[in-house]
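Enquirer: Now for the letters of each chain:
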Amino acid sequence: MPVLKGPSANPEAPSQYKQPSRRGKKAWRKNVDVTEVVKGLEEVNEKIIKGEVFAAEKPSADLFTLDVKGDASIPKRFPKQKGLKADEIIAARSAVPAVALRKRPGDKTTDGILPAKRQRTQYVTHKELVRLKNIADGRHESTVEVVDADFDVWDAPAEDAEQLATMPDIPKAKKTKAPNTLRQKPITLAANGKPVPAVARPKAGQSYNPSFTDYQEALILEGEKAVVAERKRIAELEEEKRKLEAAARSAAEAEAAEARADLSEWEEESAWEGIESGGEELTAKTKRPQRKTPAQRNRIKRRKEEERRVRHEAKQKLKDQQAERIKAIALEVAERERALELARDEMSDDSEEGDDNELRRRQLGKFKLPEKDLEIVLPDELQDSLRLLKPEGNLLKERYRNMLVRGKVESRRHIPFKKQARSKVTEKWTYKDFTI
Amino acid sequence: MARIKKKGTTGNAKNYITRTQAVKKLQISLPDFRKLCIWKGIYPREPRNKRKVTKSITASTTFYYTKDIQYLLHEPLLQKFRDQKTLEKKISKALGRGDVTDAARWERGAARPEKTGKPRYTLQHVVRERYPTFIDALRDLDDCLSMLFLFANLPSTSAVPAKMIARCERLTLEFQHYLIVSHSLRKSFLSIKGIYYQANIQGEDILWLVPYKFNQRIVGDVDFRIMGTFVEFYMTLLGFVNYRLFTSIGLKYPPKFDQLKDEQGAELGAFLLEGVNIATDGDVKAITNEAPEHGVDPKVQAEVNKIVQQLKEDDTNGDAAPKEAESDEEGVEATDAIDKFEPVAPGGDVLPQPEQSSSDPAELFSNFTVYLSRETPRQPLEFILRAFGCKRIGWDSVLGEGSFTTDESDPSITHQIVDRPVIQAVTSTEGDGEDNQTAQKLAQNQRFPGRIYVQPQWVWDCVNDEELKSPELYAPGAALPPHLSPFVRKTQGQYDPTLPLEAQETEAEAIDADLAEAEDGDEDDEDVENDMDVDEDDEEEEAGEDFGGFDEEEQEEASDDDDEEATRQRQRELEAELAGASVKSKGVDPKTKAKLEQKKALEKKAREEAEDLERAKGMLSKKKRKLFEQMQYTNNKKSAEDLKLRSKRRKLEKEKAAAKGKTQ
Chain A
1 MPVLKGPSAN PEAPSQYKQP SRRGKKAWRK NVDVTEVVKG LEEVNEKIIK GEVFAAEKPS
61 ADLFTLDVKG DASIPKRFPK QKGLKADEII AARSAVPAVA LRKRPGDKTT DGILPAKRQR
121 TQYVTHKELV RLKNIADGRH ESTVEVVDAD FDVWDAPAED AEQLATMPDI PKAKKTKAPN
181 TLRQKPITLA ANGKPVPAVA RPKAGQSYNP SFTDYQEALI LEGEKAVVAE RKRIAELEEE
241 KRKLEAAARS AAEAEAAEAR ADLSEWEEES AWEGIESGGE ELTAKTKRPQ RKTPAQRNRI
301 KRRKEEERRV RHEAKQKLKD QQAERIKAIA LEVAERERAL ELARDEMSDD SEEGDDNELR
361 RRQLGKFKLP EKDLEIVLPD ELQDSLRLLK PEGNLLKERY RNMLVRGKVE SRRHIPFKKQ
421 ARSKVTEKWT YKDFTI
Chain B
1 MARIKKKGTT GNAKNYITRT QAVKKLQISL PDFRKLCIWK GIYPREPRNK RKVTKSITAS
61 TTFYYTKDIQ YLLHEPLLQK FRDQKTLEKK ISKALGRGDV TDAARWERGA ARPEKTGKPR
121 YTLQHVVRER YPTFIDALRD LDDCLSMLFL FANLPSTSAV PAKMIARCER LTLEFQHYLI
181 VSHSLRKSFL SIKGIYYQAN IQGEDILWLV PYKFNQRIVG DVDFRIMGTF VEFYMTLLGF
241 VNYRLFTSIG LKYPPKFDQL KDEQGAELGA FLLEGVNIAT DGDVKAITNE APEHGVDPKV
301 QAEVNKIVQQ LKEDDTNGDA APKEAESDEE GVEATDAIDK FEPVAPGGDV LPQPEQSSSD
361 PAELFSNFTV YLSRETPRQP LEFILRAFGC KRIGWDSVLG EGSFTTDESD PSITHQIVDR
421 PVIQAVTSTE GDGEDNQTAQ KLAQNQRFPG RIYVQPQWVW DCVNDEELKS PELYAPGAAL
481 PPHLSPFVRK TQGQYDPTLP LEAQETEAEA IDADLAEAED GDEDDEDVEN DMDVDEDDEE
541 EEAGEDFGGF DEEEQEEASD DDDEEATRQR QRELEAELAG ASVKSKGVDP KTKAKLEQKK
601 ALEKKAREEA EDLERAKGML SKKKRKLFEQ MQYTNNKKSA EDLKLRSKRR KLEKEKAAAK
661 GKTQ
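Top line first, the protein sequences correspond to chains A and B. In this text, residue positions in the first sequence follow full-length UniProt numbering: the first is 1, and each later residue adds one. In this text, residue positions in the second sequence follow full-length UniProt numbering: the first is 1, and each later residue adds one.
Excised from the complex, chain B in its bound form (with noise of 0.2 Å):
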């Protein structure tokens, strides 16, 4: 008889271990265990059947790997803490006895480590034992990102202390530098919860949200502590990345923080980027603005910087520091080059390439001289020109300091970022100086001519299309086009609204648009009045919201059109026999027919597809058949509500076009 086994000595019993028991095993405190869990990546577990692991169990018993338990044994945090607990002892002993000097002796003792001998620690070794390698922490930094950039919007409190938030501050501008100099911001999104911005970092696309100023309200269900553990591990890992990345394209880490200019609001322009080497100390990279040049005609200006560029991109041999750092900035590039996608054996499928973006990121707004306007989000605005390669950005004074300018007037602003509504200039006949307030009004409404006028949404729009939208659709005052999100995934087939109706619409729905717009126009011919009837049947279903009726009627139209034609058709060969002659197709032109027949063959094909389909079908076994035949089903009443929305928008172009011809 074999042995007779021990309980509890394999399985669940043994590969977990509930939380207050790893607690005890620690021997530190519940807080700092949960520290500790949440800086070493120790998370809940559950074991399958909670009753093996212990009997003693409640419904929200947490439990744990025993051997991650094990594992921090080991950890040298472990010890900090502890003593940390001792400290904490003889502080509370001393005050306990009244020996308040004592006890502020302990703590001032524990605050120096430098005099005790006791170094305070720091959370490197973490980093490196998570993040085994860069790409790992590139890959998590989704979450520090946004946590980071969320703390350093913060207002103070006793959770949140001050130089948090600073921190927090500090190194999201520092990235954001980075982001700027290597031009690696892809897109934007203006959402109603915050901006989100998506960065292409070393092939890795990194994805935070930042909340709009002014607007954190701190609630009672978030527990601080918590988040305070989580933001010290992300500030320490983003130091850490931000090293990384500066040093890869040449740049020192930190760089030089003026306070001075940081407490005047200047933000991004408060730091001064400096080269790695030597030879480049000299120069220092003004990110801040180049220098204002008044009385410069910006498109000489523009001129002149291309010709500077030129020549700079031609002397192979000139100066060290931006050589040094395009080199780099090239060498990133090229490990960020795109892998083209190849069929492995001749005759595979082809794939569809990935496309690099035709327009440079960096050339976007490079020629451009903007001005925000006081009422617009400044700290977004200024980041996204800069990483599109605007370079002189100008604001009100009231924004805060390092603009290009913060005269309105200048006449090198060629771009002005407004989002105030027009006030209609009254024109006032009367004594100009007893109406002030409508002096201020237009004053403040003021145009200044050779300058284009845009709402903000154009500069995320431009960014996120990578070209430049023509300013008409953004100008004060119009009717903005919908900010559209370009972190959706377009699937085949979809309505896409961007998209001109050519590019998207199928080839057997082309075909029925343009016969019915053959046909069309000889109803047209024959009766206007009909048309306009059509026109006001068509405005009264737009009022209404249901959108989905008028089509099907569309489609049962065409299908009785077909019909009729058939029948006609038929009557036309009926007739043709009698009289003995040929089948003459008459009245018809020869393009419309030439598309019938087109059509002819596309429903053959189609047809033919259906009952290949179905043959297959046949071969697959009933479970798949059932999950094919969903899909199938699904997709049917995607496509069904693509196409309604596409016919939708024929209509409306066609009306259009009609209008403008009746205009014309």
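This is chain A alone, in the form it adopts within the complex (with noise of 0.2 Å):
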């Protein structure tokens, strides 16, 4: 079909010459160069005028070739994807020899040459498994490193300083500083209130060859300390052996008087069988509060008035008496002051070191702080030589609970086995699973 052109002054269109982009006015149809096309399609008209057309026509082999290779950057550009491994297994060909089916030679059976052993580097062994659970469980060895000291710390230049001096463009990162809290002392569990020390100085009853004064002394000392140890158990003993005892009388008790309600019911309705028709309801007897007489009211009004007297009456006798011997009540008050002030005296005892012997009662931590050893020698097992001496005491029981008085940790007690979740043990109705 001939491409018939209309008569214009200016036949092409307004055009330029690039097109990189469609986007904006630039991709306007005025703005698009076409002058190619036109070109074209004039020659093309040209040649239909001129009938040259029809006469130039080429045989389909010369126009088109048969691609038969394909592409060659398809396969770069889109890389193969990997099947299913099921899909590459069924089509491989097995890389292992058919199994012969005659009889075959032991695995044990060699050719005289020793092979090469092994190298199990995957295998772990049950030990190495058992740290690695523990290091999973948080029970490490140890994290810190120690290493030998190779500089001195107190000598050391600060940090920042050597920062600086590399880097002085850098503006130096504000460093923080330690709270004033953190000087504090720890709170110390001793009575006084005074700080204990690390290792408290020995007392001289300690030695182990003492002298008889100072052994004496000490002695005196814990054997005090024992007896009231001792007194107090016995007391609780007994308190707890009164308890029970009243327990067991109240119960007693409780029972019989059950025994007699049970018996006096019985012997009631027995009563008033021979009485009563049996048609007759025994209704619940309750007492019902009944109001009060005028002259009911006046005896407990006299009564109680008489009561308060006597107590008023005892009170006073008491007085009377105290009032007679004023002077030596006075004495005893001063004398008990005097003991009290002498006690507390003798408890500061003006030392700077605190006791750990006697404690404050509220302490760190949920549990009670370990008892502390007995430190002396029993007098049958004193020896004056140092190969027949039997060491007293824990030490590192002491170092703990010297730890613990200097309040530097809260008391901890060692739990050697965690609570278990309990469980519940049901069985499996298994064998009703099954379909036919």
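Hints are not guaranteed to be accurate.
Here are the computed lysine-lysine pairs in the PhoX-like style, where the Cα-Cα straight-line distance is at most 25 Å [as the list claims (entries may be wrong)]:
1) B/LYS624 with A/LYS194
2) B/LYS651 with B/LYS637
3) B/LYS163 with A/LYS397
4) B/LYS261 with A/LYS172
5) B/LYS651 with A/LYS174
6) A/LYS194 with B/LYS623
7) B/LYS24 with A/LYS418
8) B/LYS55 with A/LYS368
9) B/LYS14 with A/LYS366
10) B/LYS89 with A/LYS133
No lab work stands behind these hints: they were computed from the structure. Bear in mind the structure is a predicted one, so any value in this text is a computation, not a measurement.
Reconstruct the complex from the two isolated chains, following the hints.
Expert: What follows is the structure in structure tokens.
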């Protein structure tokens, strides 16, 4: 079909040479350069007019080629997708030769040459596994690396100074300042509130070969302590016993009362049986509070008055008695105060050190502090030879207790087993889970 | 109207934080938190009003300062803990999957920090932070040393790994080496718990306790995790302290450590100290022992040693090594010099001067060659002897490697320390070959002539008194004198068994005693039988444990005597008046008279003082007066006890003297 051209002064569309993008004004039709296309069309038009086109018809073999190779860039651009492993396996030919049907020699039979031992690099021993499990549970041997000191910590230059020297331009990071609270002494657990020394000065009585007076002093002191403890223990036992007895008695009483009640009920019933007809039901007899008569009220009032008077008289009597011996009482009170003050005085004993024998009531943490070991050799074990000395106390425990008493850590107790979740055993009825 | 203040923004609620809150804030586990607190020195606190901190508290809630915890947030160790936690998670995940190899790989990677680029952590910066100066560290060394010495003596268990024990042992031995070289050990005390040592380093008194060997039971109620955490920190601390101490006396740190010798039980002998300087590098300080020279007379050897010492001291241009070391030591000693207390203003109180020990601790045992029998505790003895200058110490080979000699019959031995009961040598006239056992015993108990045998306590008593005690008191089999604690503070006027009576009794007491003696002497002349009776009584009283009674009696007697004396005097005066003559002190020798006068003067003075005191007391407030009276009361009680003890001793001494006189 001939393409006819309309007469116009400027047949070409307003154009631009490059069209990198089709966005914006540049892509508008009037701005697109179509000269080439127009030129080609004109040529074809001319040829049509001249009748050249049909003469110049070429065979299709010249015009077209058959592409049998395919594009070489395509596999590069789209790498081959990996197929399923199963497909691969099915598709593959086994590299292993087919199993021979005839009898083969055993694995152990060799040709006489010893094979190289297989390295089991991947193997993890049981011991190692246990260790790994421990680590997974947070039980490391030690996480701190202890190295030999190879410099003087107290002479080492401050780190930031070094940094400042090397990198002057970089603004120094603000150094965190330790708070004042960090420098406060820990809470001492001594009863007198004074700091307990890390290692207390040994007393004279603690010598392995003490002088008589020192030893006697220490022995008496310890003996008194033991007596007090024993008294307390016995008192506690007694108390316990008394409580048990009281409980048993009250239980017995209650039982007896019940039995009596049963019995009386029975008797009453039997008594009633004779008189009352069977048709009448027994009503629960509860005594209703009745209004008190004025006479009763008066009586109560009088009785109360009387009681009050007696009480008052007794008190008055006591007072009179005390008034008679007021001097003696004043002396007594003074003596008691003196003793108290003396005790206080002796306890404070103007020493700067706390005593870790007597602890304050409120302690840190949940658990009670371990008791201090007895630090005295009994008289029959006292030896004057170093060879025969039986050391007393446990230093490990003492050091631990010392840490606690000085308030460095709160007291803890070793819990050998974690509380396990309670499990319930049931039987699964799997034999029921079947289908035909 | 002022603005209503919001609750919980100030005061206790703001200043304190509970442990759970702290752990949540730091995002670490509780054990890690505990560790961090121990290392950084953050202790539990006690708010004045717990209710005001949080409502939901129990009696056992632990509190910390919020600021402390806030400060912990900046701690580099925190990151390490978190890393550790992630590693744990990875491992446990891998184990859960059943990938044991994977788990092992994770763990290996963490264990080889140089491969993964993540260094393991040390506690160096914490040491610096907690102890800004070296003196601070020294002040806190008591606990550190006690702990490390204790752990060095523990048996290894799962809770206390053998590595830790070995490390503790090494550090403590190094520290002991420093004490030996610098001679800074001062006192030691054998208690029933263990052995106390006190050293003075740069003016700081350091006291620590070392357990006896092989006596450590592990008990259940000790938390080894906490103890282990402390030990980890203290190991780092003592390492740095040792470094500082060693370099301060010109020694190289760490000293050479001989593994083989250590395995043979050489302990102190397994270390070889070296000087820091290159010049001194060649000459290694053999701390262990001087070369054994057999067949040398010890006295001659001692003299030679002395001369060599003098030569060394004279020759200032001698070898570089000893000079270096000595000068360093002198430097240390110069800083150790004791200040003198001087009154601030003229006429001020004259203060008692601190006394420098008269004898040099470095010289105490320097001339001896000591042999330790195999039943004696070798480690403490070796340490103490070396610290007080002994150079040659030998011991039985069962006690381990590193002795000067293992031959008991070595002629150079001057002292042998024995702790064995004396077995009576049975003089068997029959065939010696038959009784094999006694022969062995005899051999065991054999004595070498020309050598002093003492019990171990001798060493300790010598060290504490800074003088050589007479060895007869400490001979084997002898009843030892009591081992007194050198750490007991002596108060004025207290009874001290070590001092002679004259040094500690008061003036009045001495006069009283003299008077009583004079009277006793008279009585002695009069009737001896009476005296015998008194003696018997005394013995009875001694047998009875109550020794309060007799003294009062004596005092009463004394007062009775005084009364009698006064009445007699009065009688005499009356008689003289009647006769018209002047009063003559008849039958009283001038000495006694002088004493009497002295006593009177003293009494008068005491009375005046008491009056002054009474007057001064009137000026005090009631409360203060009460307190003062209490003090006086307790002081009087104590001094009465001391008086009793002294009088008892006086009596004993007199008896002893009398016995001596009789025998002569």
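Enquirer: Which of the listed hints are broken here?
Expert: Violated hints: 4 and 5; rest satisfied.
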